[in-house]
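Colleague: Chain A is already provided as a structure; the job is to place chain B on it using the hints.
Protein chains in written order, with this note's numbering: chain A, 3 to 114; chain B, 3 to 116.
Quick caveat, the hints were computed from the structure, so don't treat them as lab data.
A portion of the hints provided could be inaccurate.
[Stated by the list, open to error] Simulated coverage check for chain B against chain A, where a stretch passes if three residues somewhere in it have a Cβ under 8 Å from a Cβ of chain A: (1) 41 to 50; (2) 88 to 97; (3) 104 to 116.
Note that CB positions come from ideal geometry on N, CA and C, so glycine has one too.
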Amino acid sequence: DVKVTQSSRYLVKRTGEKVFLECVQDMDHENMFWYRQDPGLGLRLIYFSYDVKMKEKGDIPEGYSVSREKKERFSLILESASTNQTSMYLCASSSYRASGYTFGSGTRLTVV
Amino acid sequence: GNSVTQMEGPVTLSEEAFLTINCTYTATGYPSLFWYVQYPGEGLQLLLKATKADDKGSNKGFEATYRKETTSFHLEKGSVQVSDSAVYFCALSLAGGGYQKVTFGTGTKLQVIP
Numbered sequence: 003d004v005k006v007t008q009s010s011r012y013l014v015k016r017t018g019e020k021v022f023l024e025c026v027q028d029m030d031h032e033n034m035f036w037y038r039q040d041p042g043l044g045l046r047l048i049y050f051s052y053d054v055k056m057k058e059k060g061d062i063p064e065g066y067s068v069s070r071e072k073k074e075r076f077s078l079i080l081e082s083a084s085t086n087q088t089s090m091y092l093c094a095s096s097s098y099r100a101s102g103y104t105f106g107s108g109t110r111l112t113v114v
Numbered sequence: 003g004n005s006v007t008q009m010e011g012p013v014t015l016s017e018e019a020f021l022t023i024n025c026t027y028t029a030t031g032y033p034s035l036f037w038y039v040q041y042p043g044e045g046l047q048l049l050l051k052a053t054k055a056d057d058k059g060s061n062k063g064f065e066a067t068y069r070k071e072t073t074s075f076h077l078e079k080g081s082v083q084v085s086d087s088a089v090y091f092c093a094l095s096l097a098g099g100g101y102q103k104v105t106f107g108t109g110t111k112l113q114v115i116p
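The following block holds chain A by itself, in its conformation from the complex (with noise of 0.2 Å):
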């Protein structure tokens, strides 16, 4: 079974913490995908990457950067975590040959 793993479905940090949320695909898509989702607001794009070492900014990239050193990995970096960046944290993953994504089960970040 094809699978989009986030490594944490909780956390917890305290403001100014440096965040990593790490995402790994088995299915060798090209692409992978950020997303944040808040009540009301939907889901809404951080970066995505579309081959390894390249990053795209999304629709809010503000506080956050990202990493896609191999393949298979997909890494968001809050620099100096807030409490507004608390929220549910999706990584999704794609083929460019094929339409439609795959997600993780989302982690759950809340910010102290």
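Modeller: Coordinates of chain B only, in the frame set by chain A:
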């Protein structure tokens, strides 16, 4: 730009009722269309898709038909179950620049009561 509009929820239905969740889209080009489902505490799962006009996607009793003339992709199910309670997202996908970029609607919460 591209956008997806879906009916606001929550939608509350009794078990075995007929379900329709409306979805319309605006896109440049010829998108693929999707419905995703999110169960409580989980990520999104692909429910069904259609890649060209007049295609019908179906899965688990759910159906949606790609209507180019009305730019719609409404989700239907003839008889809902309590286990169908979830949030449903309509989405479109367009290829370009070596990747597929997906635009999501805001989601419609469905609650099915026994």
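Colleague: Check the structure against each numbered hint from earlier and tell me which ones fail, lowest number first.
Modeller: Violated hints: none; all satisfied.
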